[in-house]
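Chains as they are written, first to last, in the working numbering: chain B, 1 to 85; chain R, 1 to 265.
One or more of the hints may lead you astray.
[Said to hold, decoys possible] Covered stretches of chain R (in silico footprint by chain B; criterion: 3 or more residues with CB under 8 angstroms from a CB of chain B, positions within the stretch not fixed):
| # | stretch |
| --- | --- |
| 1 | 13 to 26 |
| 2 | 46 to 56 |
| 3 | 62 to 73 |
[What the hints assert, rightly or not] Here are the computed distance ranges between Cβ atoms for each label pair:
| # | chain 1 | residue 1 | chain 2 | residue 2 | range |
| --- | --- | --- | --- | --- | --- |
| 4 | B | Tyr69 | R | Ala30 | 40 to 50 angstroms |
| 5 | R | Arg87 | B | Arg3 | 56 to 66 angstroms |
| 6 | B | Leu51 | R | Val92 | 30 to 40 angstroms |
| 7 | B | Ala14 | R | Val92 | 39 to 49 angstroms |
| 8 | B | Ala30 | R | Gly22 | 25 to 35 angstroms |
| 9 | R | Arg69 | B | Ala10 | 13 to 23 angstroms |
| 10 | R | Ala85 | B | Leu26 | 52 to 62 angstroms |
| 11 | B | Pro34 | R | Leu77 | 50 to 60 angstroms |
| 12 | R | Ala64 | B | Ile65 | 20 to 30 angstroms |
| 13 | B | Leu61 | R | Ile80 | 54 to 64 angstroms |
| 14 | R | Gly50 | B | Gly32 | 40 to 50 angstroms |
| 15 | B | Ile65 | R | Leu43 | 35 to 45 angstroms |
[To be verified] SDA-like cross-link-like pairs, simulated, lysine to any residue; straight-line CA separation at most 25 angstroms:
| # | chain 1 | residue 1 | chain 2 | residue 2 |
| --- | --- | --- | --- | --- |
| 16 | R | Lys70 | R | Gly51 |
| 17 | R | Lys70 | R | Ala47 |
| 18 | R | Lys70 | B | Ala10 |
| 19 | R | Lys70 | R | Arg87 |
| 20 | R | Lys70 | B | Ala62 |
| 21 | R | Lys70 | R | Leu60 |
| 22 | R | Lys70 | R | Leu111 |
| 23 | R | Lys70 | R | Arg86 |
| 24 | R | Lys70 | B | Arg3 |
| 25 | R | Lys70 | R | Arg84 |
| 26 | R | Lys70 | B | Phe54 |
| 27 | R | Lys70 | B | Thr59 |
| 28 | R | Lys70 | B | Ile48 |
| 29 | R | Lys70 | B | Met1 |
| 30 | R | Lys70 | B | Ala47 |
| 31 | R | Lys70 | R | Ser81 |
Hint data in this document are derived by calculation from the structure and do not stem from the laboratory.
Note that the Cβ used here is the ideal one computed from N, Cα and C, for glycine as well.
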Amino acid sequence: MNRLALGGLAAIFAIGGWLIAAPFVLHFQAPGAPWTNAARIDIVTGAILVLAGFSAFFTALAGRIRELYAEAGPRTANEPVPVAE
Amino acid sequence: MGLLARYMSGLCAAVLGLCAAGWLVLAPVAFGYRASAPHQTALADRATGGGLAVVSLLTLIFWAIAWRRKLRADGVLPRISRRRARREERDVRRRAAAGQAESTPDPAQVLSELRALLLPLLAESPAAPEPAGPEPAGPEPAGPEPAGPESVAAAEPVVVPELHHHGAVPEPRSELEPFRLPEGAPEASEPDDGDTAEAAAGQPAAAAGQPAEPDSYPFAAALVPVPAVPLDQLTPPAPSGIAAIESMLAGAELSMVGCGEEETW
Numbered sequence: 001m002n003r004l005a006l007g008g009l010a011a012i013f014a015i016g017g018w019l020i021a022a023p024f025v026l027h028f029q030a031p032g033a034p035w036t037n038a039a040r041i042d043i044v045t046g047a048i049l050v051l052a053g054f055s056a057f058f059t060a061l062a063g064r065i066r067e068l069y070a071e072a073g074p075r076t077a078n079e080p081v082p083v084a085e
Numbered sequence: 001m002g003l004l005a006r007y008m009s010g011l012c013a014a015v016l017g018l019c020a021a022g023w024l025v026l027a028p029v030a031f032g033y034r035a036s037a038p039h040q041t042a043l044a045d046r047a048t049g050g051g052l053a054v055v056s057l058l059t060l061i062f063w064a065i066a067w068r069r070k071l072r073a074d075g076v077l078p079r080i081s082r083r084r085a086r087r088e089e090r091d092v093r094r095r096a097a098a099g100q101a102e103s104t105p106d107p108a109q110v111l112s113e114l115r116a117l118l119l120p121l122l123a124e125s126p127a128a129p130e131p132a133g134p135e136p137a138g139p140e141p142a143g144p145e146p147a148g149p150e151s152v153a154a155a156e157p158v159v160v161p162e163l164h165h166h167g168a169v170p171e172p173r174s175e176l177e178p179f180r181l182p183e184g185a186p187e188a189s190e191p192d193d194g195d196t197a198e199a200a201a202g203q204p205a206a207a208a209g210q211p212a213e214p215d216s217y218p219f220a221a222a223l224v225p226v227p228a229v230p231l232d233q234l235t236p237p238a239p240s241g242i243a244a245i246e247s248m249l250a251g252a253e254l255s256m257v258g259c260g261e262e263e264t265w
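One chain only, chain B, in its complex shape:
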């Protein structure tokens, strides 16, 4: 379930990137011309989604890694410390 949720955040990030690139890929924003309303809305919305998806993805990933460390702590604390010979 955690992987699916992280995948959803990555998909949001990817959709934001697509929204930024869509006006130029679909050629409804000519290069060098002033930006249209449609291009401006897509790029701003895409930037917000990219930012939200990126930050949420890495925040969730950091939390998962912290959980793994917390779970591994009691296990490694009971194991004997190897002594170098």
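For chain B, the structure is supplied; the task is to place chain R on it using the hints.
Chain R alone, transformed into the frame defined by chain B:
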């Protein structure tokens, strides 16, 4: 805070994606570029908005389930939801009812099984001989021998040709042994002893008007006279020859092992 930030960030991003999807779907209508802009612009925004809505909704559901599981694992929420508990309780009740219906045994079948189990036991019990002592080492005749009170009474005592030192261990008793008085004790059936003779005749001394002696045995009438047996026949013969030497060596070895000095041997 770390745990809360993890799930909250995922949920917030999913909610933000839902809002952005709605915004993308409504923007062409709100800003009026659906008619003026090329057809691809509005189509791209609506398609992207629809896809973003689906992805954001799924992400929101996944994060909610993951957080709920985590809270259950930490004990904040009850382990089993009410719906699941109700379903499990219904399953258990249904299974118990089915098991009760299946576990009711048929009395006729049980009786027939019991009869089948008891028949071989009843057939074996009268023909099962009990060995009274060590048997001589030799070929035994094949087949069960007819065992009865006549054959047991006519059986001769087993003669062991040579007793090993392990032969001093008494055999398990298979039947009651007759009571024997110690040697030298006055026998109950002697006519010289007046008290014991009266007791054996069933006339207590008190009934005859004579006071009973304090050292008289009150149950002397119940004693059965047994002929005296020599002491060498009651106890097994002591090991002799090489058996005696082996016995002594085994005793010494046991004592040394018990002292922890087996290295000296």
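Hints, one by one, checked against the model:
| no. | hint | in the structure |
| --- | --- | --- |
| 1 | 13 to 26 | holds (count 7) |
| 2 | 46 to 56 | holds (count 5) |
| 3 | 62 to 73 | holds (count 5) |
| 4 | B:Tyr69 <-> R:Ala30: 40 to 50 angstroms | 47 angstroms, holds |
| 5 | R:Arg87 <-> B:Arg3: 56 to 66 angstroms | 27 angstroms, violated |
| 6 | B:Leu51 <-> R:Val92: 30 to 40 angstroms | 51 angstroms, violated |
| 7 | B:Ala14 <-> R:Val92: 39 to 49 angstroms | 47 angstroms, holds |
| 8 | B:Ala30 <-> R:Gly22: 25 to 35 angstroms | 28 angstroms, holds |
| 9 | R:Arg69 <-> B:Ala10: 13 to 23 angstroms | 21 angstroms, holds |
| 10 | R:Ala85 <-> B:Leu26: 52 to 62 angstroms | 53 angstroms, holds |
| 11 | B:Pro34 <-> R:Leu77: 50 to 60 angstroms | 55 angstroms, holds |
| 12 | R:Ala64 <-> B:Ile65: 20 to 30 angstroms | 22 angstroms, holds |
| 13 | B:Leu61 <-> R:Ile80: 54 to 64 angstroms | 30 angstroms, violated |
| 14 | R:Gly50 <-> B:Gly32: 40 to 50 angstroms | 31 angstroms, violated |
| 15 | B:Ile65 <-> R:Leu43: 35 to 45 angstroms | 41 angstroms, holds |
| 16 | R:Lys70 <-> R:Gly51 | 29 angstroms, violated |
| 17 | R:Lys70 <-> R:Ala47 | 35 angstroms, violated |
| 18 | R:Lys70 <-> B:Ala10 | 22 angstroms, holds |
| 19 | R:Lys70 <-> R:Arg87 | 22 angstroms, holds |
| 20 | R:Lys70 <-> B:Ala62 | 16 angstroms, holds |
| 21 | R:Lys70 <-> R:Leu60 | 15 angstroms, holds |
| 22 | R:Lys70 <-> R:Leu111 | 56 angstroms, violated |
| 23 | R:Lys70 <-> R:Arg86 | 22 angstroms, holds |
| 24 | R:Lys70 <-> B:Arg3 | 14 angstroms, holds |
| 25 | R:Lys70 <-> R:Arg84 | 17 angstroms, holds |
| 26 | R:Lys70 <-> B:Phe54 | 23 angstroms, holds |
| 27 | R:Lys70 <-> B:Thr59 | 17 angstroms, holds |
| 28 | R:Lys70 <-> B:Ile48 | 29 angstroms, violated |
| 29 | R:Lys70 <-> B:Met1 | 11 angstroms, holds |
| 30 | R:Lys70 <-> B:Ala47 | 32 angstroms, violated |
| 31 | R:Lys70 <-> R:Ser81 | 14 angstroms, holds |
Hints 5, 6, 13, 14, 16, 17, 22, 28, 30 from the earlier list are contradicted by this structure; the remaining hints agree with it.
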